[in-house]
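Participant: Read off the chains here:
There are 2 protein chains.
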Amino acid sequence: MYIPETKLPRVVIIGAGFAGLQVAKNINTKSYQIVLIDKNNYHTFQPLLYQVASTGLEPDSIAYPIRKILQNKKNAFYRLADVSKINIDSSTLSTNIGEIAYDILVIATGATNNFFGNDSLQKNSLPMKTLIDSLNLRSKILGNFELALNEKNPERKEALLNFVIVGAGPTGVELAGALAELRNNALPKDFPDLDLSGVKVTLIEAAPRVLSAMSEIASKKSEDYLKGLGVTVMKNTRVKEYENNIVSIEDGSSILADTLIWAAGVKGQFPAGITPENIVKNRILTDGYCKMKLSSNVYVLGDVAFMQSEEYPNGLPMLASVADQQGRYLGKSLNSLARLKTVKRFIYQDKGHMATVGKNKAVVDTKPLKFQGIFAWFVWMTIHLMLLVGFRNRAVVLVNWAWAYFKSNNSLRLIIRPFHSQKTH
Amino acid sequence: MYIPETKLPRVVIIGAGFAGLQVAKNINTKSYQIVLIDKNNYHTFQPLLYQVASTGLEPDSIAYPIRKILQNKKNAFYRLADVSKINIDSSTLSTNIGEIAYDILVIATGATNNFFGNDSLQKNSLPMKTLIDSLNLRSKILGNFELALNEKNPERKEALLNFVIVGAGPTGVELAGALAELRNNALPKDFPDLDLSGVKVTLIEAAPRVLSAMSEIASKKSEDYLKGLGVTVMKNTRVKEYENNIVSIEDGSSILADTLIWAAGVKGQFPAGITPENIVKNRILTDGYCKMKLSSNVYVLGDVAFMQSEEYPNGLPMLASVADQQGRYLGKSLNSLARLKTVKRFIYQDKGHMATVGKNKAVVDTKPLKFQGIFAWFVWMTIHLMLLVGFRNRAVVLVNWAWAYFKSNNSLRLIIRPFHSQKTH
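Protein chains in written order, with my numbering: chain A, 1 to 425; chain B, 1 to 425.
These are computed hints drawn from the structure, not numbers from a lab. Check before you lean on any hint, since a few could be wrong.
[Unchecked claim] Which residues of chain B face chain A? A partial, calculated answer using Cβ under 7 Å:
(1) Leu-131
(2) Glu-146
(3) Arg-413
As the structure is a prediction and not an experimental result, all values here were calculated from the model. Glycine is no exception: its CB is placed at the ideal position from the N, C-alpha and C atoms.
Take the sequences, apply the hints, and build the full model.
Facilitator: Shown next, in the form of structure tokens:
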């Protein structure tokens, strides 16, 4: 692949998620040339994917073109490419558009779904990790209501109207709440001729409580919210298999469902070429400076990085905030190194956790304060609006949220994915 | 398919375009039961498809869920279905979700691309008739710039950067202008490392002028606008063949282009079951009351209807305004018939024509007045905003247009179509 040669060292960043983007934004391009590689031409704001899936937002407002982010940076290049292999010895990458050499490499390739080796779940469940996943899910959900209207077989109809979400972390909780609100608010107006009492949203969690990474009070309150919206919450429950629309639970019971959404686990993903000694639990081992162990010019950030500390012996959590902080840290560290200054270790600042279940219903845990309800919901919305990239996106999301708040009935219920043409016809 | 039985006569409408939608909106559901059938669950505002293709608008803001339009109508039902056959003798429809009986049938199935029997054009050109077409086109256009960056073969690179549009009606003219503006305004910021002088937009028209259905002054002015934006306009030119990225012109010359967009002709489309005597030039023959010839309970509206008058011996033009007026007319006519009142013949009110080429550049023809330029452009925008269904859509489109006006640089350049995963990788 052709990138102009300069005298500056070249930093190649794989992945334009939260971590990769922050490196690119913070790095001084008077000291380095940047090449950012991603297999999509846009950055995805993953925390709001569930709103695309549940018809709350349009896809274009939670994604942002990478080229637009780099517009005001000289000496920064983007390439749409898939990296197949990292050649540590020669400091090059093998990609589908050719080979590229790096002086410094940043691996920020994120995470993918972890099915823990369960083939039936991997094959038959729907993921929600990418924008395309979310659009497919939106079409699948809406398409199922259309199919249910004409279905005479009661078992098939029951399956079409059952939505099972596995995993009650923030993603699972937020999606379950949003689907329940869709059923409660918009669907009765859309489907006056469908008996909506048959529509069931079930949230399955292996742990003894929902949002188990948050406080007890947040878990309790969010479970109350979910139940209030009509979500069936099953804790201490493990899914064994999912075949032919039957969700088999470990205790021997089962649920008939045409849709199972997997939100129960992720694992690091990265190209070939990393030596096995550097891989811990599907993540790449780093030192306290985000540098890959046993290497001098390879850094690893975000979900794919395994960085231990006293407080986090099992590695830092796979969270957007960790990725974001590591990206900023590394950008600034590289700038310091270019000026021959010393660099401090990375320290993760845990600023708290939050999740929203529905209108006026959210939970927020911070170190000094834990709170829930309408104020938590406003905090959640404000922070997410601020984190979105781009003024236009913020404006469009605000229009949508304001509309949803007062009308509970927007107009984003379009089936525009290949699902429609491939499966319903 | 199950629809509740009532004592009211059932009006089945095939197609939720401009015509079908207006019938459904205007009909009195105290007199009739309505069943609206469409193979998509949304109405598409086709006049703005070109803005989705050229990265000006998001898909969700120019489409509107049919169920939401029918929400406040009792006794109105929507079904997502493909109609394969109209059984005139038994007054039923055969569909992929079962049979449905009608008392009154409204055929409003619109038009599809007409390639006039040219197989190579049909196989290799890209259409822009549906929302999915437009999204595919957006991804194709953006994907080609990404590919061109890494292309070493000069012929292949030239082909990737050449965009040929065949047909200089409003669709072709508007798309050509929008692509030229994309090249002139957003791309230089997005692709600092690509030589954009290689990007060519060519508009090919068989007639001696562009916008041949409009006035001479509109044709002249819009051609000036196009040339001002850098579009190559070829009049009196017919495409003979399009194979292996070579556009062969009838005079023996050829153009190398990876993208050929077909905007040169449409033809009526309708299910099987119409007797050949009733088919004229791929459209269905109607009398002056929009009723299919030789039938008592079948109406045909919009692009698919062939209605002659003294002023229009070749049938009314295939325009959104004809479809809209016929839809309103038929809704009200059916209401009159239910009250046993007599019905007047349909008369098309030609309110004028318009097209936009770019920022501050539009042409408007009305009977009393023809005007061009910035005022025409404001008129065009205002009318299109008013015609869009739904307040939220209008608000989002307004945000996008205002943003584009002041910045010429929005954030909708995402490649999110299957094209990306299937072809570039």
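Participant: Kindly indicate which numbered hints from before are broken by the structure, ordering the numbers from low to high.
Facilitator: none
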